[in-house]
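Protein chains in written order, with the working numbering: chain A, 1 to 287; chain B, 288 to 587.
Derived from the structure by calculation, the hints contain no laboratory data.
Incorrect hints may have been included.
Stated by the list, open to error - From chain B, some residues computed to sit far from chain A (all C-beta separations above 10 Å): (1) W342; (2) P400; (3) I424; (4) P465; (5) A471; (6) S472; (7) L473; (8) L475; (9) V477; (10) I486; (11) P489; (12) Q490; (13) A526; (14) Q529; (15) I565.
Stated by the list, open to error - Result set (SDA-like, lysine to any residue): computed pairs, CA atoms no more than 20 Å apart in a straight line: (16) A/K221 / A/D84; (17) A/K58 / A/S203; (18) A/K128 / B/K404; (19) B/K404 / A/D84.
All figures in this text were calculated on a predicted structure; none of them were measured in a lab.
Just so it is clear, CB atoms sit at the ideal spot from N, CA and C, and this is done for glycine as well.
Each chain is listed here by its residues.
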Amino acid sequence: MMGIVTESSSIEPAVRVETKRQPLPPRERLETVFEISDLDALYGSKAALKGVSMEIYKNLVTAIIGPSGCGKSTYVRCLNRMNDLVPGFRMTGTIRYHGYDISTRDVDPVAVRRTIGMVFQRPNPFPKSIFDNVAWGLKVLGMKDGLHERVEKALTQAALWDEVKDRLKTSAWGLSGGQQQRLCIARAIAVEPDVVLMDEPASALDPIATQKIEELMHSLKGEYTFVIVTHNMQQAARVADMTAFFSISRGEEGQRWGELIEYDATEKIFTAPSDQRTEDYVTGRFG
Amino acid sequence: MSTIGTAPASLLRPADRLGRRRIVNRAAEGVAWLTAAVAVGLLGLVIYSVARRGWSQLNLDLLTKAQNPYAGPGVAQGLANAFVGSLVIVAIATAMALPFAMLIAVYLSEFAPRRVKTSVGLVLDVLAGIPAIVIGIFVFGLIVVNHGQSGLAASFALAILMLPIVFRTTMEVLALVPQSLREASLGLGVPRWRTTLSIVLPQSIGGVLTGTVLAVARVAGETAPLLFTSSIVGAGISANPQHALEAVPLAIFELSESPYPTDQARAWAAAFVLLMFILLTSLVARWFAARSKRKLGRGR
Numbered sequence: 001m002m003g004i005v006t007e008s009s010s011i012e013p014a015v016r017v018e019t020k021r022q023p024l025p026p027r028e029r030l031e032t033v034f035e036i037s038d039l040d041a042l043y044g045s046k047a048a049l050k051g052v053s054m055e056i057y058k059n060l061v062t063a064i065i066g067p068s069g070c071g072k073s074t075y076v077r078c079l080n081r082m083n084d085l086v087p088g089f090r091m092t093g094t095i096r097y098h099g100y101d102i103s104t105r106d107v108d109p110v111a112v113r114r115t116i117g118m119v120f121q122r123p124n125p126f127p128k129s130i131f132d133n134v135a136w137g138l139k140v141l142g143m144k145d146g147l148h149e150r151v152e153k154a155l156t157q158a159a160l161w162d163e164v165k166d167r168l169k170t171s172a173w174g175l176s177g178g179q180q181q182r183l184c185i186a187r188a189i190a191v192e193p194d195v196v197l198m199d200e201p202a203s204a205l206d207p208i209a210t211q212k213i214e215e216l217m218h219s220l221k222g223e224y225t226f227v228i229v230t231h232n233m234q235q236a237a238r239v240a241d242m243t244a245f246f247s248i249s250r251g252e253e254g255q256r257w258g259e260l261i262e263y264d265a266t267e268k269i270f271t272a273p274s275d276q277r278t279e280d281y282v283t284g285r286f287g
Numbered sequence: 288m289s290t291i292g293t294a295p296a297s298l299l300r301p302a303d304r305l306g307r308r309r310i311v312n313r314a315a316e317g318v319a320w321l322t323a324a325v326a327v328g329l330l331g332l333v334i335y336s337v338a339r340r341g342w343s344q345l346n347l348d349l350l351t352k353a354q355n356p357y358a359g360p361g362v363a364q365g366l367a368n369a370f371v372g373s374l375v376i377v378a379i380a381t382a383m384a385l386p387f388a389m390l391i392a393v394y395l396s397e398f399a400p401r402r403v404k405t406s407v408g409l410v411l412d413v414l415a416g417i418p419a420i421v422i423g424i425f426v427f428g429l430i431v432v433n434h435g436q437s438g439l440a441a442s443f444a445l446a447i448l449m450l451p452i453v454f455r456t457t458m459e460v461l462a463l464v465p466q467s468l469r470e471a472s473l474g475l476g477v478p479r480w481r482t483t484l485s486i487v488l489p490q491s492i493g494g495v496l497t498g499t500v501l502a503v504a505r506v507a508g509e510t511a512p513l514l515f516t517s518s519i520v521g522a523g524i525s526a527n528p529q530h531a532l533e534a535v536p537l538a539i540f541e542l543s544e545s546p547y548p549t550d551q552a553r554a555w556a557a558a559f560v561l562l563m564f565i566l567l568t569s570l571v572a573r574w575f576a577a578r579s580k581r582k583l584g585r586g587r
């Protein structure tokens with residue numbers, strides 16, 4: 001299913017958004033990682049998301065933007081079954097990951113999360129040393145060969161190695177917020193996932209730390225596929241190749257749920273959106 | 288007091304209503320202070336009176352010599368058998384209750400569905416409210432009727448009393464472990480059991496110890512369950528839990544009924560030692576609790 005992204009490859013942006021982003025390759029050359037169709041997510045009887053269908057492509061950065069309460073975090077946490085931990089959560093529809101439906105009960109969420117890693121909103125390093133924060137996952141998951149090299153590589157990729165190489169044995173809780181978040185990224189990529197989901201990774205960070213994280217996403221997307229939730233439109237415009245805009249829809253009896261409004265190349269979303277609601281949001285006229 | 292600007296002095300003095308409020312406030316503060324002082328004073332009074340009456344027997348013999356019921360007054364004797372017995376009984380009770388309580392708490396907090404969590408939690412709260420003497424009778428009917436009295440039966444009774452206390456504190460401390468740490472581990476593709484074992488439990492071990500120490504302090508002074516399970520004891524110091532063991536609260540109870548003033552003083556002395564033990568363990572528990580809270584607090 002091609003859904004709403006059919007024309008994304010042919011779009012030439014009217015205005016260039018300030019970015020280091022390369023132009024998107026033509027649609028045929030993009031490999032689909034996720035194919036989500038008719039995804040509904042419910043907490044108890046309350047719908048958080050309705051009817052989401054979209055494809056996420058390999059080695060791109062895909063941003064999920066939208067107002068608070070539009071279900072963007074819920075959505076990204078569906079992709080690695082993180083919502084299984086929430087009591088009363090249910091989802092319907094299919095999430096195909098490389099063609100394989102991972103939303104069914106018989107799929108082991110542990111195996112899903114093993115290949116689809118996650119970085120959370122607030123930095124959450126383990127109460128261990130910097131080294132052990134990265135090494136622990138490797139050890140538990142049996143990737144013990146060349147442990148030191150793996151840790152160094154992950155920390156280098158996360159642009160943290162130079163800052164911590166002399167104090168690897170000290171507590172990770174002594175790092176600054178931005179360093180902690182990069183450590184969490186190192187921890188996530190050390191176990192060599194295929195996809196890295198980022199749930200507002202920079203919302204608790206200052207602009208310089210934010211910039212570092214954006215830069216490392218940019219430099220790593222050749223190896224990983226990133227999905228980033230952000231409430232910061234500038235951030236989406238800077239880092240994302242594709243952008244999905246979610247918004248809140250209201251029912252007749254006052255129910256509210258999140259919906260995917262538009263999904264397209266980032267340039268298109270920010271310069272020539274097809275939906276009025278998207279335009280209102282990206283131009284700041286959202287009420 | 289200097290006047291501010293040109294404001295008339297009357298504005299700065301409390302008027303009727305404000306003045307009354309101030310008096311009510313003072314009175315309320317005074318009452319609160321007084322009740323707190325009474326509580327502290329009561330504890331001080333208890334410690335003082337126990338220590339004063341037991342002073343004559345509060346010596347090293349109390350801890351090193353066994354009871355000798357056949358010796359008349361004037362022969363030095365102590366309560367070593369009761370201290371050893373209490374130690375053995377409480378230690379075994381802790382060994383029984385701690386793993387049980389921890390496993391229940393870990394299951395309920397980390398794995399169980401919400402409905403199971405609330406209902407089992409309620410059952411354990413009810414268990415916490417059962418009077419100690421009822422537990423004593425229960426264990427009497429369960430074990431003592433068929434197998435006779437023993438230190439083990441006493442330990443079992445005390446373990447039932449300890450279980451809900453250790454369980455509750457473990458639950459509380461597990462709830463304090465930030466959900467984000469669990470997510471960090473699960474997000475790596477680490478199974479749930481491993482996350483619990485390697486990430487959640489090490490964070491909460493201080494709190495578990497606190498609960499255990501509190502429970503020990505609580506049951507060390509229990510008398511009722513021991514009456515039914517471990518009260519008919521032989522002479523001499525014994526640490527064999529297969530037989531009935533003397534215990535400190537029982538010794539206090541028995542000695543207090545003795546006609547000899549030295550025996551009565553010994554009861555007071557034993558009470559004083561027990562009191563000090565409970566005070567000390569409570570302080571240790573508080574220290575553990577403060578330490579583990581500090582450790583958890585750093586994670587923010």
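These are the hints, each one checked on the structure:
| no. | hint | verdict |
| --- | --- | --- |
| 1 | W342 | 49 Å, holds |
| 2 | P400 | 7 Å, violated |
| 3 | I424 | 40 Å, holds |
| 4 | P465 | 7 Å, violated |
| 5 | A471 | 4 Å, violated |
| 6 | S472 | 7 Å, violated |
| 7 | L473 | 6 Å, violated |
| 8 | L475 | 4 Å, violated |
| 9 | V477 | 5 Å, violated |
| 10 | I486 | 6 Å, violated |
| 11 | P489 | 8 Å, violated |
| 12 | Q490 | 7 Å, violated |
| 13 | A526 | 40 Å, holds |
| 14 | Q529 | 44 Å, holds |
| 15 | I565 | 32 Å, holds |
| 16 | A/K221 / A/D84 | 27 Å, violated |
| 17 | A/K58 / A/S203 | 25 Å, violated |
| 18 | A/K128 / B/K404 | 30 Å, violated |
| 19 | B/K404 / A/D84 | 17 Å, holds |
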